Amino acid sequence: MSDVGKNIIRARENGAKVVGCFPLYPPLELLHSFGLIPLVLWDLKEQVHTLKESDRHLQPFTCSVARRITEFVLSTEGSLFDGFLMYNACDTLRNMPEIITRGLEERGLSRPFLKFHVPMTPARQTDSTGYFAGRIRELIIEIENAFGVRFSSERFLASVRLYNAIKKLSLEMENLVAEGRMSYGDFSLLIGKGFFMTPEDYLSALDGAAEKAKSNPAKNISGGRKIIVSGILPPPDALCSIIENAGLRVVGNDVASQARSYAYVPREVGDPVSYYTDFYRNHHPCTTLLYSSDERLTLLTGLIEKKNAQGLIFIGEKFCEYEYLEMPFIMKTLKQKYIAMLQLEIATDDHEHVEAFRTRIEAFSELIG
Amino acid sequence: MAEEKDKTKGFMKSESGRRLTQILTKDYLDLHQRAGEGAFVVWVAIIVPAELFYGFDNVVFAVPESHAALSAAKGVGMLQCEKAEHNGYSMDICSYARIDIGTAMSGGQDSPTFGLPRPHLLVSNNNNCSLLVKWFDVYHREWNVPHFILDIPFCYEMQKETDLKYIVTQFHDLIRTIETLSGQKFNIDKVQEALRNSSGAAKQYKRFIDCAVHRPSGITAFDSFVQMAPLLTSRGRPEIVDHFRKLAEETEEKIRSGEFPLPEERYRLFWDSIAPWHQLRKMSSRLADLHANIIAASYTSCLGSIEGSYEFIQEYENGNPLESLARMQNFSVCPYGMELRFKAMSWAARHYGIDGFVFASNRSCKVYSVMQMDLQKRISEELKIPSVMIDVDHADVRKYSEENAFLRMEALLENIDAGRARPII
Ligand code: SF4
Ligand code: SF4
Numbered sequence: 000m001s002d003v004g005k006n007i008i009r010a011r012e013n014g015a016k017v018v019g020c021f022p023l024y025p026p027l028e029l030l031h032s033f034g035l036i037p038l039v040l041w042d043l044k045e046q047v048h049t050l051k052e053s054d055r056h057l058q059p060f061t062c063s064v065a066r067r068i069t070e071f072v073l074s075t076e077g078s079l080f081d082g083f084l085m086y087n088a089c090d091t092l093r094n095m096p097e098i099i100t101r102g103l104e105e106r107g108l109s110r111p112f113l114k115f116h117v118p119m120t121p122a123r124q125t126d127s128t129g130y131f132a133g134r135i136r137e138l139i140i141e142i143e144n145a146f147g148v149r150f151s152s153e154r155f156l157a158s159v160r161l162y163n164a165i166k167k168l169s170l171e172m173e174n175l176v177a178e179g180r181m182s183y184g185d186f187s188l189l190i191g192k193g194f195f196m197t198p199e200d201y202l203s204a205l206d207g208a209a210e211k212a213k214s215n216p217a218k219n220i221s222g223g224r225k226i227i228v229s230g231i232l233p234p235p236d237a238l239c240s241i242i243e244n245a246g247l248r249v250v251g252n253d254v255a256s257q258a259r260s261y262a263y264v265p266r267e268v269g270d271p272v273s274y275y276t277d278f279y280r281n282h283h284p285c286t287t288l289l290y291s292s293d294e295r296l297t298l299l300t301g302l303i304e305k306k307n308a309q310g311l312i313f314i315g316e317k318f319c320e321y322e323y324l325e326m327p328f329i330m331k332t333l334k335q336k337y338i339a340m341l342q343l344e345i346a347t348d349d350h351e352h353v354e355a356f357r358t359r360i361e362a363f364s365e366l367i368g
Numbered sequence: 000m001a002e003e004k005d006k007t008k009g010f011m012k013s014e015s016g017r018r019l020t021q022i023l024t025k026d027y028l029d030l031h032q033r034a035g036e037g038a039f040v041v042w043v044a045i046i047v048p049a050e051l052f053y054g055f056d057n058v059v060f061a062v063p064e065s066h067a068a069l070s071a072a073k074g075v076g077m078l079q080c081e082k083a084e085h086n087g088y089s090m091d092i093c094s095y096a097r098i099d100i101g102t103a104m105s106g107g108q109d110s111p112t113f114g115l116p117r118p119h120l121l122v123s124n125n126n127n128c129s130l131l132v133k134w135f136d137v138y139h140r141e142w143n144v145p146h147f148i149l150d151i152p153f154c155y156e157m158q159k160e161t162d163l164k165y166i167v168t169q170f171h172d173l174i175r176t177i178e179t180l181s182g183q184k185f186n187i188d189k190v191q192e193a194l195r196n197s198s199g200a201a202k203q204y205k206r207f208i209d210c211a212v213h214r215p216s217g218i219t220a221f222d223s224f225v226q227m228a229p230l231l232t233s234r235g236r237p238e239i240v241d242h243f244r245k246l247a248e249e250t251e252e253k254i255r256s257g258e259f260p261l262p263e264e265r266y267r268l269f270w271d272s273i274a275p276w277h278q279l280r281k282m283s284s285r286l287a288d289l290h291a292n293i294i295a296a297s298y299t300s301c302l303g304s305i306e307g308s309y310e311f312i313q314e315y316e317n318g319n320p321l322e323s324l325a326r327m328q329n330f331s332v333c334p335y336g337m338e339l340r341f342k343a344m345s346w347a348a349r350h351y352g353i354d355g356f357v358f359a360s361n362r363s364c365k366v367y368s369v370m371q372m373d374l375q376k377r378i379s380e381e382l383k384i385p386s387v388m389i390d391v392d393h394a395d396v397r398k399y400s401e402e403n404a405f406l407r408m409e410a411l412l413e414n415i416d417a418g419r420a421r422p423i424i
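Protein sequence lines correspond, in order, to chains A and B. Throughout the first sequence, residue numbering follows numbering that gives the first Met the number 0, covering 0 to 368 in sequence. Throughout the second sequence, residue numbering follows numbering that gives the first Met the number 0, covering 0 to 424 in sequence.
Incorrect hints may have been included.
Claimed, not checked - Once the Cα atoms are required to be at most 30 Å apart in a straight line, the calculated DSSO-like pairs of lysine-lysine come out as:
#, chain 1, residue 1, chain 2, residue 2
1, A, K317, B, K82
2, A, K336, B, K383
3, B, K376, A, K44
Stated by the list, open to error - A few chain B residues that face chain A, going by a derived Cβ cut-off under 8 Å, partial list only:
#, residue
4, K73
5, S129
6, W142
7, N143
8, C154
9, E160
10, R407
11, E409
Treat the hints as calculated values from the structure; they're not laboratory data. Bear in mind the structure is a predicted one, so any value in this text is a computation, not a measurement. Here a beta-carbon is modelled for each residue, glycine too, at the ideal position from N, C-alpha and C.
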């Protein structure tokens, strides 16, 4: 059994209710404030090694994220969840609540599956705050009914503080990576593991890692070939090593499961409506938050300038049409600004075959060197 | 004019077919002409309530998805896809999007309609598919054209009142946006009139697709694939009501006089996907040789329906047009979930006496395809109707193998025969 499976079992033995959430930006603080343990089901490559269950429900032209979530949840480990929460994202994921519910029912399991709509209208176009407030209030009632729990504003504020502390520490660690005190590969591994820990455990793991990194000497502060990494998922671990061994240093990222998740730290308030209005409206731009993706290019160019990066590596997710449709314009614009780019595409089973990318990465490193 | 049987089987040429060509040709010519004369041009996704634009004196709309379908049916789909791919757009993107991007990037070259006039505003929505928002974002960024995103909550259950109100608010914002950008004043009465016309056309269209109830069927789904175009591109106009009334009358008359696309029909099939635009004649003709007729499709349930329904439900006479348009936001099958699609398909299976289902798994269209494996299981377990899954890209012929598809469809027919031979216990 994977670490995740063990974590879930341990938590449940202690009486906790575990809620599997996706995609990446669910209202974790809210779930946590009810005494539930929310786990973001993302980047499951370490946990999922076959796609037997997923292949019974999803065609092979769906992205690795959707296939692994399905596999994980429908495997024995996944059935240990007490419930699920999903908010609207892409055309693939919106089918998942019914597919997963049906898959669990085939196993004789019935679990609440909460669905939550985040408005996708740009603020300059439509004022969706009233509608959104209604959705948050509705969600609170649904959580209360599904798990037999009661909302408390004080507990919510405490949860907000906890998650904000994680965000702040993640940002700090990103800088330690940029300074060369910690490898990007180790950083990615830690952030990935964090999805399957309780926030309390995660915060202490981050704290420990940050302390250790601070005592490491800073490498190549003035030299080294600085790059930014962008994509839905971070590069697979082996690819991180190839990137770093090629003399490239990741000085910043625009990865959905990394910077996009922790870069914006909302104001700490005890009212979920105000908190999540701020959280989603001012979120770090992401291709999945339709109203924000205009900002992505501005953000990327700003990040490149701020971090003094010499190039950018895009980690494309095979079959992610969102990224596919954004990328050509971004590439074109960055090219006009003479920013070197390398676009890689990772498919579900590419994690074992990343060696194929080595030559391209080494050539890229030489190009910007 | 006398009827002539087309060279290929399973497809009838009719007076209404000729009228359809005239309507579409005139529509595209008018669109270019009015745009050239200074009309405010809006590009819309098919679900966007185009009736709203009739509330303005000089606003015209174009539907890139319909243009892409037409391009694929006219055999230039692959060519336009390749142009998009050369510009960096992945071959795994929806083929409608690639056709449209390819067309736009080559200034309308090779398009059967000389492309579409440049828009002043793009209006997309995210319930039919959210890929479309990204697709329109391409033009928004490349051409610096404003993009209005209608955020329509996906339906796992029947549309909620709160969602309907949220949609109406966005319609008001859209109207205001057009007023500001075009300098024109909005008149809701004209929208009411357009909505009555759309509703009337949809009612007549449903009468036409209901000709499939007869045995043998009075139509093939391929007829309905072709005929549904004006429901999307010419919505709101009175002549469309007239066209669909004549189409229904003509088809009913043929049934009365014993004329059928496939008189020797042995298998009545249901199609779950977008039309295979590059295969319309080939597929219908080859199926006809096997005495099989795809008589109905989830794709053509279309305007007049709501989530979970195949039948005509949304008749508009009076009332608040914006609320009525908001209620219609789930008329195609993509904006709602598996439970509701199963409900609509179960109704259709009973209503049309379906012998078998063809699930066309389409890697181009995730919204249509991703639930199909479970849907197929439900159809066979709960409705006890045999089915098959084939791979078809609706507009990119490179991702389709005729032999593989027919191998499976022939197996489906054998399966139906085997079921018929089995004694009923
Ligand atoms: S990677 Fe892309 S396609 Fe996959 S779940 Fe995320 S947004 Fe959807
Ligand atoms: S993905 Fe499907 S629904 Fe969306 S535009 Fe393409 S064909 Fe249409």
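Structure-based check of all given hints:
Straight-line distance between C-alpha atoms of K317 of chain A and K82 of chain B comes to about 21 Å, which keeps the hinted pair within the 30 Å bound. Proximity of K336 of chain A to K383 of chain B is assessed by CA-CA distance (about 60 Å); at most 30 Å being required, the pair is judged violated. Restraint check for K376 of chain B and K44 of chain A: the C-alpha separation of about 28 Å stays at or below 30 Å, so the hint holds. Interface restraint check: K73 of chain B against chain A, minimum CB-CB distance 25 Å, threshold 8 Å, status violated.
Against a cut-off of 8 Å between C-beta atoms, the interface hint on S129 of chain B holds, since the closest Cβ of chain A lies about 6 Å away. The interface hint given for W142 of chain B is violated, since its Cβ lies 11 Å from the closest Cβ of chain A, which is over the 8 Å cut-off. With a cut of 8 Å, the hint placing N143 of chain B at the interface with chain A is violated, because the nearest CB-to-CB distance is about 11 Å. Against a cut-off of 8 Å between C-beta atoms, the interface hint on C154 of chain B is violated, since the closest Cβ of chain A lies about 10 Å away.
Taking 8 Å as the C-beta cut-off, the interface hint given for E160 of chain B is violated, the closest approach to chain A being about 11 Å. The restraint placing R407 of chain B at the interface with chain A is violated, with a minimum CB-CB distance near 15 Å, outside the 8 Å limit. At about 22 Å, the closest approach between the beta carbon of E409 of chain B and any beta carbon in chain A exceeds 8 Å, and the interface hint on this residue is violated.
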